[in-house]
Amino acid sequence: MEFLKNERKQILYSIMLGLVGGLVGIALFGLSGYMISLSFFDPPFFVIILIIAVIKLFGMMKGAFKYIERLLSHEATFQLIGRLRLDYFRSTIRTGRNTHSVKFIQKLNQYFEQVENYYIRIIYPYIVAVLISLLLMVLSVYFGMAFVVLTGGIGLMLLFVIPKVFEGRMSKALEAREATDDALYSRLYHFIHDYTDLWVTKRAGREEARLSPDMERIRRNEDKVAMYEAAMQFIAQLVQISAIILIILMLQEDTPLWVPMVMLIALSYFDLAMPVMNPASQYRRVRAAVSELETDVPQEETGAHSEVTAIQVAGLDFRYPNASLDVLKDISVTFKKGEKHAIIGSSGSGKTTLIERVIHGDPAVTLYNGDKEAGHSALRGNASIMPQQLDFYNATVMDNITLFGHVERSQAEAENDLEALGMAHYAPETAIEFTGRLSGGEQKRLHFIRMLAEDKPLWIMDEPTARLDDRLKQKIWDRILSKPTLIISTHDLSRLEAFDFIHYMEQGRIIESGPYEELMQQKGAVYQAVQRFKDLL
Amino acid sequence: MKLNMPIKYLILYIFMSALGVLAFIMFGHYLSTALEDIVIEGAAPAAGAMIWIALFFILYALLSALYKVIGARVANSRIEALAHRVVARIGDQTRKHSESMLNAIFVHLEKYRPFEKVFIPTVIQTAVKITVIIAAMFLIHRNAAFIMLFTAPFVPLYYVLVGLRTKDESEAQAAQFDELGTLFLNLIRGKNTVKHTGAEHTVIERLRQYNERYVRETMHILKYAFQSTLMLEFITILGIGLIALEVGLQIIIFDGITFYAAFFTLLLAPEFYNALKVLGIEFHNGKLAQGHLERIEEWLDTDSDRSDYRTFDAAPESVALRNVSIGHGQDMLLENVDMALPETGFIAITGPSGIGKSTFIRMLLGLHRPRKGTVALSDEDVGYISDEVYFSDTTIQEYVSDGEYGEADVISILDQLRLMDSLDNLEKGIHTPIVNHNIPLSGGEIVRLKMARVLIRRPRIILMDEPTEFLDATTEALIMEHLAELKQEAAIVAVVHRRKLLKIADRHYTFSNRQITLAKGES
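Keeping their order, the protein sequence lines are chains A and B.
Numbering-wise, the first sequence is residues 1 to 537 according to this note's numbering.
Numbering-wise, the second sequence is residues 1 to 523 according to this note's numbering.
Looking at chain B on its own, in the form it has when it is part of the complex (with noise of 0.2 Å):
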């Protein structure tokens, strides 16, 4: 498993968990010299080793505390990093899968957290503590330090001969076993149908024996994890043992060890054998958030270029396309497209569905970078025009005059497009703050709405997706009147869906074939 972390944290986690073990073993040593002195010369421990033991002891768990908060801050501080990243890959399309950009940052990065902020400091402690361990028993107690590093490898063993057997096996469980919890929870997102269909019963049925499927399924997997556990702790046991009757031994027949010794190496001993168990039950964790983190850079891998691949000098055309190709995934939507949009006037754009008109729009927008060719528009200040709103944390007056227009100005635009009858409703009228679209507007006020940030800026370049769904009669009329006006001094490109609006198209253009055609008007 990779442990992706920059080498600089890795280094100081290396450094401070050797510095905590040191400490502990500085305990032990001062623990067991004044236990001897206590058990085999009666004598009362001495005051300074008294002190010694608090002190080791106080920087041991200083240091572990300190180690703990460090870990977490530089956890946490990455994963802030990776959220941020993942926000960046947000762009207009996103919202067709919002749910998965929304699990993407509260579910599966939380659950990937633990990896950074446990799993990695813990797999490098266990690391550090066992070869200082070791190191430090060659020291005290050699022969201890030989079982230990004759026993060690038998943790590692199982894991090849016993775990990787269960490991595909419990893996595949795993996944089962996520899919099972869905499946829960779309019936409780879903309950409306249910209810609808008069399906309680028969639901609740289903349910309740994929509960007991659940639990059987759920204990066999765990089955595997508790066995694993059993097992690293019957090595343990064994490690432990092997080492208490070498130094029961020692003891007894050969004479060959002092208090001091047997104490120090029995208090170390458990600290070694449960590092090592540790690992083992570390290693299942780290596999299981590592799927979440398959799960963010899926997000990262997406194509996120948010720079503006459109130039700004077409003028005096308004808009200038030299040699574009559009594409959508595998499909080819425009090929090798030339086209130069005069300054003024209404530019309809028509077509079947699905050919690309709205792409289109979203590449003059600067939304959908061409595959190859430049785009270039007479201005910066785009105006847009669609059916498509999401309001929150706003006011109608801030999102009409985007903080550069009083509220007479705001005002007289919103009676001209007749939206004020309506918005005087509002509590606080065009001043009412807006949370989580909690407005609820016509398709058609909304269009209205949009066309009022438009007449109130008068950009030079227009931009217009035609809503397919029918408008009411007023917005209708007011549109068409609008636009008429609007075309005098700007340039209106828009995809349109009605007959009516052809009648003031300057030019039409059709779209098949992977080409622009000139239906209507001169070039």
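Here chain A stands alone, though its shape is the one from the complex (with noise of 0.2 Å):
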């Protein structure tokens, strides 16, 4: 709820002209209740029109206020949705959160759509209805005490006590969803990625009869929310029909006249309040994954501008989360600004790891600059980067080339960068999808003229030539070639004679090191590799 300060007057109003709208409502079928009552009485001609006239403007009053309430209301969740968004960026940018997964993307979107619910359909509603309980009781004691009783027992029955039993099966059985969506994401994820080879060991309909269970329980989950759901409904309306018995059998006697009123109202009163019952019971899981959202926000790292002239990297092991064999063991290496180093090596041999582990900071790696430690937020205001993965956005392309306009590029010298990689079929004005559109060999060329408009002394890429065809590959070593410092992983070894330093890695360590000259004549691991790429046909 604290996010809700800055919308606070929108929130206030919005919640006020619900109240008055639901209390307008009511009257309504109040006011027709008695009027009923009242005609067989005979009462005055103008008395009758003057009722009907006046429902007929709450009914016109009711509808607008519900109009305008709910713009107030819906203005005030999103606004309040952008804010969440910009801090959740802003931590998620500042935080080594892993966010390549397609499952955490759709977790989040499903968090966000969760907070809009949250805001709109179980906070907003429920608190009009509680209020409307309250000012009904109010108005009640006017019939008595017992009246009093009445309404204050059906509100906490529809407003407490049926969502409270129902929001510990209800958030179970939520829980029990997502456990097995994530269950079966995982195997359905298997199953994609592994058919070639299931498919060849005659397995592909076995592991597909393997999904069975999941989705067989996803539906039966689906099958018991619902049946909550008809349960909830079906006790609300046994309250319903007490309280409708019980309104005929303590007025008939003394007020009959009032009974068709009270009855109207008692039915308007259940409309209103039985919808939030539902949202309500869910209250608990929707806030969980409200919480997931809000964030805090760590400080931003400082010092970007700090030079950079070496990059130690000393006794570093690594193993990813949940693996079980390390990938990187008792590396060490110096990258000096002025040298170009060049990472060979089989795939899988841990050449992608260690190039993150420089990129994204590791405490067994430091930056100097000169005797200086320098934080690892230099390398930013330094290198250019070309990690494993790429990203895009959906935005145009010279948006993507610049980020949003972060760094200066022109049209023309943008235009000039796509022609010369051949893809002059894309405008710096075109959009593009971070996502299908772009072939392997694109992604590749249009980060590649992202970094060239960065223009930074130092670059860091992992595969710059993978998936181009040779002409392509060879003008891009040019321009590579042409920077001052260079830490590249690659399997084209087409150039390996350029740089200064050549680092064989297999099983994740680095087993030779040296300059290309001396290690040719030494013809070991690297002089091989040579010998074996010049095999290549």
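Be careful, since some hints might not be right.
[Claimed, not checked] Examples of chain B residues toward chain A, derived with CB under 8 Å:
#1 L35
#2 F57
#3 L62
#4 F138
#5 T197
#6 L207
#7 N211
#8 Y390
#9 I439
#10 K500
[As the list claims (entries may be wrong)] Capping the alpha-carbon separation at 30 Å, the derived lysine-lysine pairs in DSSO-like fashion look like this:
#11 K534/A <-> K520/B
#12 K103/A <-> K111/B
#13 K534/A <-> K500/B
#14 K534/A <-> K111/B
#15 K503/B <-> K523/A
It should be emphasised that the hints constitute simulated quantities derived from the structure, not laboratory data.
If you're wondering where the values come from, they're calculated on a predicted model, not measured in any experiment.
Beta carbons: idealized from backbone N, C-alpha and C, even for Gly.
With the hints in hand, could you dock these two chains into one complex?
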């Protein structure tokens, strides 16, 4: 709720409007009931006309209130969500959260939808319903204490007891659902990514059948939730019929004329309060989702402007969380300003992980500005980076190149770069999507253009020439090698001799390191790798 | 909008809804009778009447609950079946679009669910309600029935006059709405690049502007939606007001109505108009849900013939192709190829990238149906070696042995391939459970593991896609050595990228101009 403080005015108005609207609605029904009773006892004609006119007016008012209330409450909620987004983005960028998995993005999306529900479907209607119940209780003093108790009892049942009884079950069911979704997700992911192998070994059918229990569990879970919803409504309706009968019994003797009025008031109160029960029963679960998004925003790192003269990796071991093998073992290497380093080795030897450790920071990785240590954020001011996983955004090519105007690049320069790298079919103003349209090679090239625009002295790249044809490979190498300082992991050994230092990795270790000529004379792993590269057809 | 649901369910829904409305009308009948007694006669209602009131209301409540449960059950099992149909489209190429497939199952299917679970039952229920109430009104108070009949068309009329104009606009904006939502998500996803380039402040500023636009445009869309609701509300109020006016006039001036009929009418009128309102609102929701169904249907429309087109009667040849043509999308990769491969030996295939070598191997694996011609192999048991793997829910022991060989056999093979050193480091060795690919193996180790499966089973046909990325020296030497040994008793068909492997080739085919030409060896 602390997040609502900026929208306080809108919230207050919308709750007030909701309250007045609800009361007008209830009055509307009461008046209709009273009118019928009254009519049969020959009131003056104008009274009836007046009542009907008032009823209509009330109806219109109720509609209009509802309209304004919804506009206000939605606007407040969306503004709140907007702020939540900014904070979430800020905190994401400043923490090491891995955001590349589809599942994570899906969950995040779900959470944001739930926030919307939380305020619009749970909090507002609930506050309005509680306030109306309280007001009705006050008004029912007029009918006697028994009615105060009756109104209070109904309110308590509908707004508190029933949702509370189901809250635990509901949140258990929803939690179970989430767990099943996660399990099915990883099974399905496995099935999709391992399909070829499963087919070849004739296990595809078996694996597919193993997806069924989870899908069945989802169905049963959905059935259960529907059951709870129906049960909640049924119990509320039992309360409702009890109320109807109690009203008849309590009023019929002394004030029979009030019966239709009170009856219709009661019916309309139920119409208003019953829809609140179901969302209210999901409060706990949704609240949990909301708190996932209400993250603390860490302080921004400073020192991005300090110069970097050396990057030292000392005794780096690394294992991915949940993995059972180390991917990097005791890596020590120093990359100095003005040196060109190539890291080679077979796929899976740890090249990408090493590059990633350097990019993201690690206790074993230290940046130096001369003799002084520089913070890891200094990398940002000095280096352009091409990680394994490239990021693009639903925006124009130009916005993607300049990161929404962060980097200066003229239209003509961007066009030249696109042209030079065989991507003239994209204009700077072409809108692209982060996935789908761009092929692997196009992604590499577009990111490369981004790095050209950044124009920084140190380039750290993972597989810069993969998935490109030979002509483009050489063009890209020419530009890369014109940079003074390089840390590059590559399978493409065609320009290896242009590097100052070569590091050969195998099974998470650097097994050979040194200048090109020296290693070629040694005839070790690098020499053999170059021979094998030449052997390629 | 099409209610795509089997007719038997529709009939069941109609029947149950009708029963529910009838129970409600009976409740109204007894309630009105009882109130007439109280208000007009000043007498206490009969105990019998009170019991009927309670009974019919409980019946109505029970039927509504049952209706909800049955509607949900029908929908949920149909959604489950739909999920199975989507999953059945998964093939060996799906991993390239795995995000889209996972979205279809986890997002679009879930967003479509309310259409079957809520929309269809609600539409049927309200339609039945409207009909039954009007019919009942003819019996209770005919004039009110006429007023309902006259005012009801205003709701669809409103939709035709105002709704249609705004519909296109609101749909276009709904699409934009979706787009806006994804920019935030892909900024979150692509936060690393934002961080590396130090563009945090610029991007946050952009996100702020975009948020403002998002709120503005969303509110614009919502204004339309809320205006529609407001108009429906006004029509409802007008209708109920007209009925109330008519009832009032009847009572005072014409004396032509009983209390019973008056109360009953005023009880049913809101039910009637609310039902109309619900129809209007649901129409909008239904439209949105159907957009998601379309995304699911895109997957259902993809070709996914998983039946095996191969025959296994090629012996004594290992592979026999007759008049085979392979296509990929618009392109033809091979045309009218005949080919017969010997029972044993190493058959190398080369050619420029993108010409169809891998597709050819996939065709032999049974994963790419040729446009025409017949594919025959000598044996169903085919070994396959590549550098791609995704482990989950298995162990190395299980993976290599496929449940058919003991630990000693597996270890002996893994030892030969020099894999035991790294596998011994695992907590439980080759029995360590692997979940979600949490064993980071190198490309060379993956190839050797695949080789291990082939060595243990010794199939008579081995297909291989040599990795283009270079392998470590150990792997390469081991592969050479074992291929040379395996080719003595099996046919190895391999896409080859290295000259060295050509040395052990008994035959060498090259791909060009949609034909396969023999470059070395005898046919």
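Hint by hint, which ones does this structure get wrong, listed from lowest number up?
Hint check: 4, 14 fail, others pass.
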